[in-house]
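Working from the sequences, and respecting the hints, build out all of it.
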Amino acid sequence: MNKTVLLGTLAASALLAGFASAGTLDDVKARGELICGVNTGLTGFGAPDANGNYQGFDVAVCKAVAAAVLGDPNKVKYVPTTGETRFTALASGEVDMLARNSTWTFSRDNDLKLDFVAVNYYDGQGFMVHKDLGVSSAKELDGATICIQTGTTTELNLADFFKANNIGYTPVTVADDSEAQRQYLAGACDSFTTDASGLAAVRATMPDAENHIILPEIISKEPLGPVVRHGDNNWGDVVRWSYYALVAAEEKGITQANIEEVAASTQDPEVKRILGLEGDLGAMMGLDKEWAKRAIAASGNYGEIFAATIGEGTSIGLARGLNALYTQGGLQYAPPFR
Amino acid sequence: MQKSATFVRKEMLQAQEPPTSERGAIKWVRENLFSSALNSVLTIVGLVAAFLVIKAALPWLLHSVWNANSLGECRDIIAARYGEGATGACWAVVRERWHQYLFGFYPQELFWRPTMAFGLMFVALAPVLYYGNQRVNTIMTGVVSILTILALIGISLAFPQTIGGVEAGALAVLVAALVLGGLTAVAWLAPKRLLYFTLLYPAVGFYLLWGGSIWGPIGTLAGFAVLVVVYNLTKGQLGVVVGTGAGVVAAAIWWLAIQSHVTGALHSVLPLGTAHVDSDEFGGFLLAFVIGVTAIAASLPMGILLALGRRSDMPLIKALSVGFIEFIRGVPLITMLFTASLLLQYFLPPRSNFDLILRVIILVTFFSAAYIAEVIRGGLAALPRGQYEAADALGLDYWQAQRLIVMPQALKISIPGIVSSFIGLFKDTTLVALVGLHDPLQGVTKVVRAAIEWKGIYWEPYIFVGLIFFACCFSMSRYSMYLERKLKRDHR
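Taken in sequence, the protein lines are chains E and L.
Mind the numbering: the first sequence is residues 1 to 338 in the working numbering, read in order.
Mind the numbering: the second sequence is residues 1001 to 1492 in the working numbering, read in order.
In short, the hints are calculated from the structure, not lab data.
Yeah, the Cβ is synthetic: ideal placement off N, Cα and C, and Gly gets one too.
One or more of the hints may lead you astray.
[As the list claims (entries may be wrong)] Computed Cβ-Cβ distance ranges for the label pairs, DEER-style:
no., chain 1, residue 1, chain 2, residue 2, range
1, L, Asp1313, E, Asn110, 51 to 59 Å
2, E, Gly143, L, Phe1327, 37 to 45 Å
3, E, Asn110, L, Leu1358, 33 to 41 Å
4, L, Ala1056, E, Glu140, 29 to 37 Å
5, L, Asp1076, E, Ala257, 33 to 41 Å
6, L, Leu1171, E, Tyr333, 55 to 63 Å
7, L, Gln1237, E, Gly231, 53 to 61 Å
8, L, Gly1264, E, Ala30, 18 to 26 Å
9, L, Leu1150, E, Thr173, 40 to 48 Å
10, E, Lys77, L, Val1269, 29 to 37 Å
11, L, Phe1327, E, Ala283, 47 to 55 Å
12, L, Gly1264, E, Asp72, 48 to 56 Å
13, E, Gly253, L, Leu1150, 55 to 63 Å
14, E, Lys77, L, Ala1390, 53 to 61 Å
[Said to hold, decoys possible] Coverage of chain E stretches by chain L, computed from C-beta distances (three or more under 8 Å per stretch; other residues unrestricted):
no., stretch
15, 47 to 57
16, 72 to 80
17, 83 to 91
18, 202 to 209
19, 314 to 323
[Stated by the list, open to error] Partner residues are not named here, just some residues of chain E that face chain L (Cβ under 10 Å, in silico):
no., residue
20, Asn39
21, Thr40
22, Gly41
23, Leu42
24, Thr43
25, Glu94
26, Asp176
Right, here's the structure in full:
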C-alpha cells in the first residue's frame, strides 16, 4: 500500500518533470546554453583535453546542435555521465540531450522512454586475440578465457554468440577498458571483447600492437547515437536534423572551409535550402534560416568530424566502414531536405 | 691445628659481555624474528614475499621516465635506455597532467585562487588545532605562508599570465604575501584573535573558489549577523532555545527571501567582484578537498547535536534524531550520491538549477553526521553518571553543563573514532566518480586515459593519487594521536 503510494508519487513527479520540460527548445533558448550529457572519458568520442575543453566525435554533435539553436558552438555545458547515470540524467531533465555512445535498443527506446534520434556511429562487438594464439575466427575460441566488462550489453552479446555457436568460454570480468587491457596484456585472458571502435583504440596504444589481431567477426549490432527524452518531438527534430545536416553536407561536399564559397556560388536547390538561401526550413522547427549553416561550420561535415576525431589519420585509425556514406557502401544516409 | 686456607676475593670481577647469543643484533633477531618454529617460518615467508615484491617493482621504479609527451614515447625511451623488453614507470603523465589532478578543469589563469584558499585553510585551522598556543600558531601560519607563496610562484611560472600588462602571478604572490604576512603577525601578537579569521574563513574560501560578485558571500554572512541580533533581542524574553529558533528562522527568511534582492541591488550600485568559476570546472583534489573539508567541518557540530538529541528526554527531538541517524546509517553512501545526483532532480521544481556539488556535499555531510553522532554518543555513554549529577548540583543549565562538563570529556574520549570517521569520509569523496564528478582517483584518471597519448597507462596515476591521499590521512591520524596525548588526564 505504502509502496504503491510512493511509486505513484514518483511516477507523478516524473510525469510532471516530463510535462514541465515539454519545450526543451524554448528552455535551451531561454537559458542561452545547451546542456549536453557526454561520456566521462572515451578516447576519440568524448573527453576533455589537457585544458578542459571537451573534444571528440560525440561532442561534435553537441556543438552542432548548440550552433544551430544558439548560434554559437561553444555555448554548451558538458555534463559528464557514467553508464549508470546517463539515462536518468536525461529523463530527470538534468541534461537536454545525450551524445554519449549509447546503443539504440528496443527496451531503451520503449521501456526507458527515450528517443534515439539518429545513429552517428554504427559499431559492433569484436574480439582481439594474441597473434600467436593462432586463431583466425571467433568461432575457434572454444574454451578460451575472455576479458569482458561487466554490466554492459557486450556481456549479453558474448553469451548469446557462444551459445548460438555451441562453444564454451570462461569469462574474466573487468571494470573498464584500461583494466581489460592490463589483464589481457598480462595473459589473464586469451581474448578481449568490446565494441570494435574501442578495440581499435586499445590496440593502437599497446606496446606491441603488431602481436595482436582483431578478429573479423562482429557479433552484435551497436547503433550509437544522440538521445533525447520521449515526448518532446520538436526538440527531437532539432537534434535529428542538426545531425542530418552534417551528413547531408558531406553528401553535397560542403566543408567547414568552403561553406561560404558554396553558399555564394551554389546552383543546387537542396544545398540552397540547407544553407537557408531558399525556403525556410529552419522556421518549421522554430529556428532561423541559417541554423544548418552554423551547425556545419561548427566542426565541419560528418566526414570531416570523423577524420579529425577517430578516422584513419588519427592514432585511433578507424576506417569508415559502415559509417561511410550510402553512396560509398556505408549506412550514413540523410533524408532529403525538402 | 691446621690452618685452613681460606680464599676471599678482594676485588670485584670485571663484568663480562653477555654471550653473543644474548646481545646486539643477534639477540634482536632471535627475539623478534626467530623466537619459535612458527615465527621462523613466518619470517622466512615474509622475507621471500618482500623480496619478490621488490624484485618485481624495483626495476620498474628505477626505469622511471619523466620527460615524454606520450606513453608510446615513454616506452621508446625505456627500450632505448634499458634494452628491449624492459618495463618502467612513465611519470611523464603526472608531469603533463598534474594540474588536472590537483585542480580539475579550473581555469588555469585562476589557479592562484584555490591555492590561496588551500593555504588559508591551514591558517584558519591553526587556532582550532592549537588554540591559544602562540608558538605553534605562529610557526604553523608562517610555514604555511611560505609554502603557499612558493606554490604561487611555481604556478605563475608554470602558467604565465598577464592581465593588462601586469604579471598576474606576481600580483597574486604580492597579495598573498601581504595577507599571509598579516595573518602571521596576528598569530604572533594575538594568537587567540586568529579564531576570528577561522570564523570568517568559510566565506573567504567560498569566494576564492567560486568568485563572482563579492556581495553574495557578504549577504550570506549578514544572515549570521541577523541570527545573532535576533537571538540577543529575544533570548531575554523567550529563553535560549526559543531565542535560537527565532534567530534561525529570521536568518532563513533573510537568506531565502531578502538576501538576493539586497545583494542584487548592491551589485548594481557597486559591481565589485572577480571572475566566476562554475562548479563543474572543479575536479581532482580540489573537488576532494571541497567536499571533504566542508563535510567534515559541517558534520561535527551536526553530529554533536544529533548525539545530544538522541539522548534527549524530549520525545519529538529524540525520535527525529534516532530516525535520522538510523535511516542514514542504514543506507549505503552510493545510494545517497545517486539520490543527490538523480532523484533530487525529480522533486525539485523544473528548471531549478541546484548545483550538483552542493547536493553531494549536503548528502555526504548528512551521511558523516550520522556516524559522528554515534561515535559521540559512545563518548557520552562512557561518562560516569556522577559527572552529570555534579553539573546539576552546581546549578548549571543544560547547555552550560554540556559545554563546560560533559562535552569536553565526551569529545576527548571520542577523538580516535571521530578522526577515523573523518579519514573515511575524506577517502570516500572518491566515490563521487560514480555520479560523473571528476574525483582524483577515477574521474581525472579516466579523462587522462581518454587522451590517446596516455591511453593504456595504469599504475602511475593510482600511485600518484594514492601517495597524496596517504599523506593527508596520515597527518590527520598523527594529529589525533597528538591531541590524545595532549588531553590525556588519567583518572586520578
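Status of each hint after checking the structure:
1. Asp1313/L <-> Asn110/E: 51 to 59 Å: With Cβ atoms ~56 Å apart, the hint holds.
2. Gly143/E <-> Phe1327/L: 37 to 45 Å: Since Gly143/E and Phe1327/L have Cβ atoms about 50 Å apart, the given range 37 to 45 Å is violated.
3. Asn110/E <-> Leu1358/L: 33 to 41 Å: holds (35 Å)
4. Ala1056/L <-> Glu140/E: 29 to 37 Å: holds (34 Å)
5. Asp1076/L <-> Ala257/E: 33 to 41 Å: Given a distance of about 35 Å, which is inside 33 to 41 Å, the answer is holds.
6. Leu1171/L <-> Tyr333/E: 55 to 63 Å: holds (57 Å)
7. Gln1237/L <-> Gly231/E: 53 to 61 Å: At roughly 57 Å between Cβ atoms, Gly231/E and Gln1237/L fall inside 53 to 61 Å, so the hint holds.
8. Gly1264/L <-> Ala30/E: 18 to 26 Å: With Cβ atoms ~19 Å apart, the hint holds.
9. Leu1150/L <-> Thr173/E: 40 to 48 Å: Between Leu1150/L and Thr173/E, where Cβ atoms are some 46 Å apart, the hint holds.
10. Lys77/E <-> Val1269/L: 29 to 37 Å: holds (30 Å)
11. Phe1327/L <-> Ala283/E: 47 to 55 Å: holds (53 Å)
12. Gly1264/L <-> Asp72/E: 48 to 56 Å: violated (27 Å)
13. Gly253/E <-> Leu1150/L: 55 to 63 Å: At roughly 57 Å between Cβ atoms, Leu1150/L and Gly253/E fall inside 55 to 63 Å, so the hint holds.
14. Lys77/E <-> Ala1390/L: 53 to 61 Å: holds (59 Å)
15. 47 to 57: holds (count 6)
16. 72 to 80: holds (count 4)
17. 83 to 91: holds (count 4)
18. 202 to 209: holds (count 5)
19. 314 to 323: holds (count 3)
20. Asn39: holds (8 Å)
21. Thr40: holds (5 Å)
22. Gly41: At 3 Å from the nearest chain L Cβ, Gly41/E passes the 10 Å test, so the hint holds.
23. Leu42: Holds - the Cβ of Leu42/E comes within 10 Å of chain L, reaching about 6 Å at its closest.
24. Thr43: Hint holds; Thr43/E Cβ to chain L Cβ min 5 Å, cut 10 Å.
25. Glu94: holds (5 Å)
26. Asp176: The hint holds - Asp176/E has a Cβ within 10 Å of chain L, the shortest such distance being about 8 Å.
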